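Fit chains B and C to the known structure of chain A by using the hints.
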Amino acid sequence: MSATAVDPARFREPSGPKPHRRFAPATIMVYSVLLVAAVYYLLPLYVMVVTSLKGLDEVRLGNIFAPPLEITFEPWVKAWTSACTGLYCEGLKVGFFNSVFITIPSVIVSIAVGSVSGYGLANWRFKGSDTFFTILLVGSFIPYQVMIYPLVILTTKLGIYSTLYAVIVVHTIFGMPILTLLFRNYFASLPVELFKAARVDGAGFWGIFFRIMMPMSLPIFSVAIILQVTGIWNDFLFGLVFAGLRNYPMTVQLNNIVNSIQGVREYNVNMAATLLTGLVPLVIYFVSGRLFVRGIAAGAVKG
Amino acid sequence: MANVSGTLKSGTVAEQAGAAKPPIRLFRNMAAKLALTPMMATVIFVFIGCTLWTMFYSLTTSRVLPAADPLGKDFAGLSQYVRLFGDNRWQISVNNLIVYGLLTLVFVFVIGFLLAVFMDQKIRFENTFRTIFLYPFALSFVITGLVWQWMLNPAFGLQKSVRDLGWESFSFDWIANRRMVVYTLVIAGVWQMTGLVMALMLAGLRGVDDEIWKASRVDGIPKWRTYIQIVIPMMRPVFVTALVIVAAGIVRTYDLVVAMTGGGPGLSSQFPTIYIYEYMFVSNLSQGLAASTMLLITVAIIVVPWAYYEFGRRRTQ
Amino acid sequence: MRYTLRTVALAAPVAFVCGTASAADCEVTHWWTSGGEAAAVAEFANAFNAVEGQKWVDGAIGGSGDTARPIIISRIMGGNPPCATQFNPGKDADDLIAAGLMQDLTELATKEDWKAIVRPASQLEGCTKDGKVYCVPVNLHSAQWMWTNRHVYEDAGLTPPTNWSEVVAAAPKLKEKGILPISAAQGWPIDLMLTQVLLPAVAGRDVYIKVFQDKDTAAAGGPEMRKVYEAMDQARKLVDPQTIVPQWNDAVSLVITGKAGANVMGDWAQGEFQVANMKAGVDYDCLAGLGVTPMLNTGGDVFYFPKNSDPAVTEAQMKMASLMISKEVQVAFNLKKGSLPIRADVDLAAANECMKKGLKILEDPNNIMPSPAQMMQRDTINQIRDLHNEFFTNPEMTVDQVQASFVDIIANAPK
Numbered sequence: 570m571s572a573t574a575v576d577p578a579r580f581r582e583p584s585g586p587k588p589h590r591r592f593a594p595a596t597i598m599v600y601s602v603l604l605v606a607a608v609y610y611l612l613p614l615y616v617m618v619v620t621s622l623k624g625l626d627e628v629r630l631g632n633i634f635a636p637p638l639e640i641t642f643e644p645w646v647k648a649w650t651s652a653c654t655g656l657y658c659e660g661l662k663v664g665f666f667n668s669v670f671i672t673i674p675s676v677i678v679s680i681a682v683g684s685v686s687g688y689g690l691a692n693w694r695f696k697g698s699d700t701f702f703t704i705l706l707v708g709s710f711i712p713y714q715v716m717i718y719p720l721v722i723l724t725t726k727l728g729i730y731s732t733l734y735a736v737i738v739v740h741t742i743f744g745m746p747i748l749t750l751l752f753r754n755y756f757a758s759l760p761v762e763l764f765k766a767a768r769v770d771g772a773g774f775w776g777i778f779f780r781i782m783m784p785m786s787l788p789i790f791s792v793a794i795i796l797q798v799t800g801i802w803n804d805f806l807f808g809l810v811f812a813g814l815r816n817y818p819m820t821v822q823l824n825n826i827v828n829s830i831q832g833v834r835e836y837n838v839n840m841a842a843t844l845l846t847g848l849v850p851l852v853i854y855f856v857s858g859r860l861f862v863r864g865i866a867a868g869a870v871k872g
Numbered sequence: 541m542a543n544v545s546g547t548l549k550s551g552t553v554a555e556q557a558g559a560a561k562p563p564i565r566l567f568r569n570m571a572a573k574l575a576l577t578p579m580m581a582t583v584i585f586v587f588i589g590c591t592l593w594t595m596f597y598s599l600t601t602s603r604v605l606p607a608a609d610p611l612g613k614d615f616a617g618l619s620q621y622v623r624l625f626g627d628n629r630w631q632i633s634v635n636n637l638i639v640y641g642l643l644t645l646v647f648v649f650v651i652g653f654l655l656a657v658f659m660d661q662k663i664r665f666e667n668t669f670r671t672i673f674l675y676p677f678a679l680s681f682v683i684t685g686l687v688w689q690w691m692l693n694p695a696f697g698l699q700k701s702v703r704d705l706g707w708e709s710f711s712f713d714w715i716a717n718r719r720m721v722v723y724t725l726v727i728a729g730v731w732q733m734t735g736l737v738m739a740l741m742l743a744g745l746r747g748v749d750d751e752i753w754k755a756s757r758v759d760g761i762p763k764w765r766t767y768i769q770i771v772i773p774m775m776r777p778v779f780v781t782a783l784v785i786v787a788a789g790i791v792r793t794y795d796l797v798v799a800m801t802g803g804g805p806g807l808s809s810q811f812p813t814i815y816i817y818e819y820m821f822v823s824n825l826s827q828g829l830a831a832s833t834m835l836l837i838t839v840a841i842i843v844v845p846w847a848y849y850e851f852g853r854r855r856t857q
Numbered sequence: 005m006r007y008t009l010r011t012v013a014l015a016a017p018v019a020f021v022c023g024t025a026s027a028a029d030c031e032v033t034h035w036w037t038s039g040g041e042a043a044a045v046a047e048f049a050n051a052f053n054a055v056e057g058q059k060w061v062d063g064a065i066g067g068s069g070d071t072a073r074p075i076i077i078s079r080i081m082g083g084n085p086p087c088a089t090q091f092n093p094g095k096d097a098d099d100l101i102a103a104g105l106m107q108d109l110t111e112l113a114t115k116e117d118w119k120a121i122v123r124p125a126s127q128l129e130g131c132t133k134d135g136k137v138y139c140v141p142v143n144l145h146s147a148q149w150m151w152t153n154r155h156v157y158e159d160a161g162l163t164p165p166t167n168w169s170e171v172v173a174a175a176p177k178l179k180e181k182g183i184l185p186i187s188a189a190q191g192w193p194i195d196l197m198l199t200q201v202l203l204p205a206v207a208g209r210d211v212y213i214k215v216f217q218d219k220d221t222a223a224a225g226g227p228e229m230r231k232v233y234e235a236m237d238q239a240r241k242l243v244d245p246q247t248i249v250p251q252w253n254d255a256v257s258l259v260i261t262g263k264a265g266a267n268v269m270g271d272w273a274q275g276e277f278q279v280a281n282m283k284a285g286v287d288y289d290c291l292a293g294l295g296v297t298p299m300l301n302t303g304g305d306v307f308y309f310p311k312n313s314d315p316a317v318t319e320a321q322m323k324m325a326s327l328m329i330s331k332e333v334q335v336a337f338n339l340k341k342g343s344l345p346i347r348a349d350v351d352l353a354a355a356n357e358c359m360k361k362g363l364k365i366l367e368d369p370n371n372i373m374p375s376p377a378q379m380m381q382r383d384t385i386n387q388i389r390d391l392h393n394e395f396f397t398n399p400e401m402t403v404d405q406v407q408a409s410f411v412d413i414i415a416n417a418p419k
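Taken in sequence, the protein lines are chains A, B and C.
When we follow this note's numbering, the leftmost residue of the first sequence carries the number 570, and every step to the right adds one.
When we follow this note's numbering, the leftmost residue of the second sequence carries the number 541, and every step to the right adds one.
When we follow this note's numbering, the leftmost residue of the third sequence carries the number 5, and every step to the right adds one.
Be aware that a few hints might be false.
[As the list claims (entries may be wrong)] Ranges between beta-carbon positions, derived for each pair:
1. B:Asn667 / A:Met598: 19 to 29 Å
2. C:Ala415 / A:Lys696: 38 to 48 Å
3. C:Ala415 / B:Phe615: 21 to 31 Å
4. A:Asn632 / C:Asn370: 20 to 30 Å
5. B:Gly706 / A:Val852: 35 to 45 Å
6. A:Gly624 / B:Leu605: 43 to 53 Å
7. A:Phe855 / B:Val758: 32 to 42 Å
8. C:Glu56 / A:Ala635: 36 to 46 Å
9. C:Asn370 / B:Leu642: 17 to 27 Å
10. A:Leu611 / B:Ala608: 52 to 62 Å
[As the list claims (entries may be wrong)] Straight-line C-alpha distance at most 30 Å; calculated DSS-like pairs for lysine-lysine:
11. A:Lys726 / B:Lys700
12. C:Lys59 / A:Lys647
13. B:Lys613 / C:Lys364
14. B:Lys573 / A:Lys696
15. C:Lys361 / C:Lys214
16. C:Lys179 / C:Lys214
17. A:Lys726 / C:Lys311
18. C:Lys119 / C:Lys283
19. C:Lys331 / C:Lys364
20. B:Lys573 / A:Lys726
21. C:Lys323 / C:Lys136
22. C:Lys283 / A:Lys647
23. A:Lys647 / B:Lys700
24. B:Lys613 / C:Lys177
25. C:Lys119 / C:Lys133
26. C:Lys59 / C:Lys331
For the record, the hints were derived by calculation from the structure and aren't laboratory data.
Small disclaimer: the values here were computed from a predicted structure and weren't measured.
Each residue gets a CB set at the ideal place from its N, CA and C atoms; glycine is no exception.
Only chain A is shown next, with the shape it has when bound in the complex (with noise of 0.2 Å):
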């Protein structure tokens, strides 16, 4: 993180944001295309939003961008409690604690990986380290679809396929590239002076690890844990194939919901489903969003 020193030259011009008019046509036209960004951005939440508050009279009417003209809440009751996914007309609660109980051990140990790794690699390397960065990093590039066949031959040998430890290594697996990249340059741009004189008073890789990289990295394990909580909550796939079928996580219903049709495609039921399914992580970028963005600049991205 550059530190500004503190120069005494800054004392002598005016300090303070420089005063703009208010409609100074620069601050129009900044102001203009970010609205217009809004929109762009906002447009597909609006159309959720609104569908899933129609009645399917209303969505059969067929103008999506409509607002509805009578408000109702029951597509969202029915999503959540009835809607039917194949036998069972369960709703979506029934997956809610299944995502719940895989999101929350990947998110952990995923970190818990990462972070060593990345500081593995910033302060200790040693021959060969390099390349096992390069690999994991071309790893990173590897669809999902790729590996699935041979990951389920891997874990059926080492016995835990079809459970939720399955899930969560593999997880782990798949969030370690990005995360020990995050994790990397993160440490590596810490001052080199801690960790020398760390070592200096004998401390080892642990020690130095806990007692002063952790405290030092709270912006960073933020970034890392809304990034891996979003990522894992919203996964389809390898709770599909991997977590066995009572650990289904909620986005398996929510397949199913989409793609049952009662005569009629239930738009509104559908938009419902999607937005309860998002709703954890939309609610974590909401609440931390700031967060995130202070966490990257906390020397998050620099090398």
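Leaving out everything else, chains B and C in the frame of chain A:
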């Protein structure tokens, strides 16, 4: 605490720390090596091991299960690859990936950077705007694909709404048009990923010292040139991280296409990952594996040299 | 602590899934999530749950079989197979059977004399490999049906069509009213219309079998096939690619809601009409073999039972197989699904007109054709599906080109 700052030369942390190392090289930093075992195991057994397994069985005629006699009667040499290269659907898939990839990459970075620049102008409602641009990243690609499919549906989406407003001849049926469907995927993909890039860029911009701005203003350099010639080079690490995340997301594109267009109309929006997945299970495993190998090799050819260049050069700084 | 929380949390809404892991829980995977299908599967589940000590645990995976099949195969390979699974009949499971991953049902089949019950015999043959029975056929599905919404035509002042030519003839009038002459869904539904329905209707049963069963390239490149492609060309001109919907039930839904006049789909579409409370002969018509030649192919669904080391599960599997083929369950299941029962000795008085039509056609063995899955590998089927989808949506592809590619595929198809 010993004051070492005065005696430090610029150099990597590890090189400094390694200056006082015990003689036995293998056991040096044992704790570190042990701690890195998960990463190394993953690299060796998963990334390398599974890749080798994939390549090996791509040389066989495996249908549903890996061939029972891969070196004997089920050996197929390069015939799966011959078939792959002659396959119309594979060619379309690769084409789509390239077009989609380049366009999405360019747009995501340009729009992301511009938005970050505007957001950095000390505007009001920064939090609101930032949330608006960032929230799509919180949604899964499945949801993104579904919503954009509904929105771009000619029968009841954007086209119909604009027509209802009076512009009878407005036409936006790209999603049902063989030639244009890839561009609808770009629209959705850009929508999803720009927010993250914007956040990264914004953070990077915030890290640029005020002094730089002042200095360039004093020198009379127009703002836009300051951005291009001074600021962007300074933000190189940000660009790199963003590039990795976005590019990895692009190569992995699957859910978005399946949810949004199903690969259609016809075959026009097929992607390599869909080809791989479909062939891997039930129809022709080794064909899927051959396609996987091609994808992996291509990615490795591009990424490995770049990675060595990019992360290796830090050594010499 | 996590596990206590989990048990408590799951107990309330999910008790029926988790419960006490009794030895007789039978997890069943399938992809029947659509309205009519789900109602039918419920019949199976109810019947099974009624048996003392048995429980049907449903593992539905939505989307066409394409989403579910990889999952099912992964599970079987991964050593955690479902207790029972829906599968497409034909060659899909050959590799799995060869690897010894499927439960042998021969004992049960002999005891209950399936050979005598199952009609037509080809359905059981599809489940037999090397003399052993590995799956239980549960119904007879045929693809050669066209579904029309009578009201759509009546409202346009036309008599509801009785064959393909009449549908084509009525097209301009419907287009004027903004109604689709034919609705189509991308992927296998389009291929079904072209390969399974149009092809045998135009080229005849013999060519159909020569091409797909014998892989005869001369027949594939011959004049009858050319006529077929010309008919496909005519069909694609009727369907605006813009109107192609994602799933088969979307296309049927268009007919149900009166937005389209006709749809070519197998008899499983009937379940959708039933769920929408429409009456055959009044609200909708079902035309077999495009109304031209009353031929039906005999696809159908089968259930496999992956081998399981737990004897309680094996017992459950046997019970389920026996139940699925039993008279009462066959009637209940098939009435809801719109397919035909796999046995001839059941009372289908409750069946509607369309099902009765189908039954009648099946009485004559000359009207029966094997389904593609019984004749070709899934790989070949998929290649043909991709080719025909491409032809259907790409106006630049000529009849000559598509036929040439088709000959290629047949030439390279493994026997």
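Pairwise hint evaluation, lysine 133 of chain C against lysine 119 of chain C, where the allowed Cα distance is 30 Å at most: holds, 14 Å
CB of phenylalanine 855 of chain A to CB of valine 758 of chain B, is that within 32 to 42 Å? At roughly 41 Å between Cβ atoms, valine 758 of chain B and phenylalanine 855 of chain A fall inside 32 to 42 Å, so the hint holds.
Do the Cβ positions of asparagine 667 of chain B and methionine 598 of chain A conform to the proposed distance bound of 19 to 29 Å? Holds - the Cβ-Cβ distance for asparagine 667 of chain B and methionine 598 of chain A, about 21 Å, lies within 19 to 29 Å.
Does lysine 177 of chain C sit within 30 Å of lysine 613 of chain B, going by the straight-line distance between their CA atoms? violated, 60 Å
Range hint compliance [Cβ, leucine 611 of chain A to alanine 608 of chain B, 52 to 62 Å]: At 55 Å between Cβs, range holds.
Would you mind confirming whether the straight-line C-alpha gap from lysine 283 of chain C to lysine 647 of chain A stays at or under 30 Å? Measuring from Cα to Cα gives roughly 28 Å; hence the hint holds.
Is 36 to 46 Å a correct range for the gap between the Cβ atoms of glutamate 56 of chain C and alanine 635 of chain A? violated, 55 Å
Just to be careful, I want the Cα atoms of lysine 59 of chain C and lysine 647 of chain A compared with a cutoff of 30 Å; is the pair within it? This hinted pair holds, its Cα atoms lying about 26 Å apart.
Below or equal to 30 Å on CA atoms is what counts here, so check lysine 59 of chain C against lysine 331 of chain C. Cα-Cα ~20 Å, so holds.
Distance restraint evaluation - alanine 415 of chain C, phenylalanine 615 of chain B, Cβ atoms, bounds 21 to 31 Å: The hint (21 to 31 Å, Cβ to Cβ) holds, given that alanine 415 of chain C and phenylalanine 615 of chain B are roughly 22 Å apart.
Taking only the CA atoms, is the gap from lysine 179 of chain C to lysine 214 of chain C under or equal to 30 Å? Roughly 38 Å between the alpha carbons, so the hint for lysine 179 of chain C and lysine 214 of chain C is violated.
Restraint status (C-alpha distance of lysine 573 of chain B to lysine 726 of chain A at most 30 Å): Holds. Lysine 573 of chain B to lysine 726 of chain A sits at ~25 Å (cutoff 30 Å).
Hints 2, 4, 8, 9, 11, 13, 16, 18, 24, counting from the list given before, are not met by this structure.
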